[in-house]
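**Q** Take a look at the letters that make up each chain.
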Amino acid sequence: MQYAVLSDIGKKRTLNEDRAAVFTLPNGLILAVIADGMGGHQGGDFASSTALRMMGEEFEKLKDASFQSHEDWAEWLKETVLFVNRALYNYANENKKLEGMGTTLEAILIKEQFCYGTHIGDSRVYQINKEEIKQITTDHSYVKVLIDSGEITEQEAEVHPQRNWIIKALGSERFVEPDCYSLLLGDASYLLLCSDGLSNKVSDSLIRDIVLSERLLNEKATALVEKANQLGGEDNISVILLQAPAGVNAT
Amino acid sequence: MIGKRIGDRYEVLNYIGGGGMSRVYLAHDIILGRDVAIKVLNYDFSNEEELKRRFMREALSATSLTHPNIVDIFDVGEDGNIHYLVMEYIDGQTLKEFIVSNGPLSPEEALPIMQQLVSAISNAHYNGIIHRDIKPQNILMDREGNVKITDFGIAMALSATMHTKTNSVLGTVHYLSPEQARGGMITKKSDIYSVGIVFYELLTGELPFSGESAVSIALKHLQEKTPSVRALFPSIPQSVENVILKATAKDTSARYVSADEMQDDLSTVLSPERANEERFTLPFDDEATRAIPAILTEPSIQNVEETIKHETVSSEPVQEKKQAEPKKKRKKWPFIVSSLVLLALLGVLIAFLPSLLGLKKIEVPDVSNLEEVEAIAILEEEGFEIDERIEESSDEIDIGKVIKTSPEAGKQRPSGTEITLYVSSGKELISIENYIGEDFKQTASILANDYQSIEAEEVYSDKPAGTIIEQDPTPGTEIVPSETDLVFTVSQGIERVTVKNLVGYSESELQDYEKESGLAVTIERSEHSNSVSEGQVISQKPESGTKIAKGQKVSVVISKGKEKQPIKHIIQTVTIPYEVEESVETDEDEGVKEQPQEQEPQTVRIYIQDRNHSMTDPSEEFTITEDQEVTITIELEEGGRGAYRIMRDNVQIEEKTFDYDDAE
Chain A
1 MQYAVLSDIG
11 KKRTLNEDRA
21 AVFTLPNGLI
31 LAVIADGMGG
41 HQGGDFASST
51 ALRMMGEEFE
61 KLKDASFQSH
71 EDWAEWLKET
81 VLFVNRALYN
91 YANENKKLEG
101 MGTTLEAILI
111 KEQFCYGTHI
121 GDSRVYQINK
131 EEIKQITTDH
141 SYVKVLIDSG
151 EITEQEAEVH
161 PQRNWIIKAL
171 GSERFVEPDC
181 YSLLLGDASY
191 LLLCSDGLSN
201 KVSDSLIRDI
211 VLSERLLNEK
221 ATALVEKANQ
231 LGGEDNISVI
241 LLQAPAGVNA
251 T
Chain B
1001 MIGKRIGDRY
1011 EVLNYIGGGG
1021 MSRVYLAHDI
1031 ILGRDVAIKV
1041 LNYDFSNEEE
1051 LKRRFMREAL
1061 SATSLTHPNI
1071 VDIFDVGEDG
1081 NIHYLVMEYI
1091 DGQTLKEFIV
1101 SNGPLSPEEA
1111 LPIMQQLVSA
1121 ISNAHYNGII
1131 HRDIKPQNIL
1141 MDREGNVKIT
1151 DFGIAMALSA
1161 TMHTKTNSVL
1171 GTVHYLSPEQ
1181 ARGGMITKKS
1191 DIYSVGIVFY
1201 ELLTGELPFS
1211 GESAVSIALK
1221 HLQEKTPSVR
1231 ALFPSIPQSV
1241 ENVILKATAK
1251 DTSARYVSAD
1261 EMQDDLSTVL
1271 SPERANEERF
1281 TLPFDDEATR
1291 AIPAILTEPS
1301 IQNVEETIKH
1311 ETVSSEPVQE
1321 KKQAEPKKKR
1331 KKWPFIVSSL
1341 VLLALLGVLI
1351 AFLPSLLGLK
1361 KIEVPDVSNL
1371 EEVEAIAILE
1381 EEGFEIDERI
1391 EESSDEIDIG
1401 KVIKTSPEAG
1411 KQRPSGTEIT
1421 LYVSSGKELI
1431 SIENYIGEDF
1441 KQTASILAND
1451 YQSIEAEEVY
1461 SDKPAGTIIE
1471 QDPTPGTEIV
1481 PSETDLVFTV
1491 SQGIERVTVK
1501 NLVGYSESEL
1511 QDYEKESGLA
1521 VTIERSEHSN
1531 SVSEGQVISQ
1541 KPESGTKIAK
1551 GQKVSVVISK
1561 GKEKQPIKHI
1571 IQTVTIPYEV
1581 EESVETDEDE
1591 GVKEQPQEQE
1601 PQTVRIYIQD
1611 RNHSMTDPSE
1621 EFTITEDQEV
1631 TITIELEEGG
1641 RGAYRIMRDN
1651 VQIEEKTFDY
1661 DDAE
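Those protein sequences? They're chains A and B, same order as listed. If you're matching positions, the first sequence starts at 1 in the working numbering and goes up one per residue. If you're matching positions, the second sequence starts at 1001 in the working numbering and goes up one per residue.
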């Protein structure tokens, strides 16, 4: 498994509240995490960095784990996310300055070709195969609800003043219900985790073209971030691009 | 913060309050010697230069507003990393607090508040400033009951660029106009919508749209009709409800054109002439009229009525007319010119063509109402050719028969002319509109002439009475109206039940009543009662005879039976005399010393009757050789009777009886 991680401040912000990391263990387990923080003062920064750090710390404990079933891995991931949620929420409750903080969270646990994911907020996960790009996650955003209820079009959503409103966030409420999913990584296929700094700027088809272009994995990640910056770069931009090794069969 | 001096002139005295975005302090302006309110923003602008500039710009433009119902902004500034607004200090409460403690208000009480608010909004709009976040939390009320709107133009400034968890904006979405929810253009009419929602809240003490999350509330603003205040309080005049319905129309074009128009409407809303006003209804939209072509004229009649009704205040319809007329004129001329040219050309053709070509002219036969095949046979026999067949719906001509030809019957045409046949496709099918949510009476009166029949089946529901909740055929079904029986399921409103007198009901009887009445009976608490026996209802809320909606709660107080009085103790000290023998008594002097040895012990038995003892067995038994004092304690419950009896050597020496009331 190859991967590239990049988190960029963008062109307008003076603070990067995004966090992105890929953790690995000697037993071959991989955890990819992207968090896009929210909340005034230092809240957003604190929320995303704490979520990332805690996910990493919990992942460390898996080095001797020997779960048998798929459910166990998926369960571990969900429980960990809920644990981090509680910790953040309690912290915000005790610290006035951090009140209202929260973060989006994409976390994918990868064991061989099996991927277990959890999703909260409006960061995204895409799967990109030989010719198609597929959005795996559904944005937990206000505008997405409006689109689904037929009130506005995708185009209107792109310029909606409240397009930054998210209806779920890690750490902002006592309980959160993450979306959970699992995937099989096909032969040489890609997984892309990104914050909305990328997906609000760069179209799906352009993302696909860049990911499938003839470049090194690192250069592809850089190209994605550069594209978002070229198109305005109003927000922080984070990407994690993972590529399954060739020869793995997803059947 | 308190005790601090901001901007070298404002001494912070007290914390007044604050929301998520700001904190407000009472401060003293040492230069002008007056009290002011200082709003300190909680937001750290250090990373958001653009946002800061936008905020300062908007706040500064708001300082230009001067109106008795707008909180004055005196100054905008920054001191270190503190950003603040200096405002007029209002000693009072927010309108939200006022509604919570005083709502719902009568129309007479609410109207002066609304007039002040609309006047303020009108003034701001005149100055080109839209509030964007009118809500009772942003309206202050002083001790005299005057209201003042605060945060003009700045309220939404901070919300746009940050990631925000929607539930943190819950307070804002309750008053959000549909166009704001949709992310469309915010206009002055957005403020009119919000103030309409405030009017609703003043009159009912409730919010028209509520839900668990900001998103669900926002969707209701987009999709659900403003509920009727009269459904909750039938005493509210229709004219007052109409103001709310018009101000909160989803479509901005149906709302008041301006705050001024709303103000004019408010000024007469309680006048006796308007007591019997009809319910405000939205003019039909394009889609509705397109689908029901047969009644095109009726909505326009309705529109005329609308126009008359609002003649004094509305300028829109007049403008529409002005726009419409020139168009017609422009179109007329080319039409006349082109038809003149055509006529001339035709005349020339008719006059010269046949003679030029030497063709014989034949009259086109009338084939209407004939089967298509028949018609073609006749036409071909006459020497015409069939060019094209066009299917058209027709109410008069049966399916498959010819409606008309072109050129039409009776015309002289050379043989070989190509004839177009119009063949009936039967009666016109239309896709039936969705009337769910509409008012039944109104809908039925509009549709009455088009449908074979229209019926209403009334059912109870939580929708306002008279609202259509289902329809058969369902929306979108293709039908011929004149052959269709349209059946609407119409809400009768929530089923109301007259609450029975439940006093004396046992818990199992209550359960039966709950099932039979559809009300939810809850036991609020238990109390002692002297008149109602244990386990039965003492009192209820609401009282018997009250009509309430099914599913509503009736709370009852259950008797715990009589309250037990405390146990009382009667304590008596009795001296039991030792009865001295005759012989001793005679030889007194000598006998005194010898008495102890010579004394025969006498047996004393004490019998007690109380809550612990009965007289059957002695409670105490002992012997005495001299006078002895004993203390007898009698425990009595309420209503209990007690007694004691003292026996000495089987002779009763004392007996006494007591009532509970004898005790202290």
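Read the hints as simulated data drawn from the structure, not as lab findings. Mixed in with the good hints there might be a few duds.
As the list claims (entries may be wrong) - Straight-line Cα separation of at most 27 Å, BS3-like style, residue types lysine-lysine; simulated pairs:
1. Lys-1052(B) / Lys-11(A)
2. Lys-1225(B) / Lys-144(A)
3. Lys-111(A) / Lys-97(A)
4. Lys-1052(B) / Lys-96(A)
**Q** So, for every hint listed, does it hold in this structure?
**A** Against the structure, the hints:
no., hint, verdict
1, Lys-1052(B) / Lys-11(A), "holds (17 Å)"
2, Lys-1225(B) / Lys-144(A), "holds (23 Å)"
3, Lys-111(A) / Lys-97(A), "violated (39 Å)"
4, Lys-1052(B) / Lys-96(A), "holds (23 Å)"
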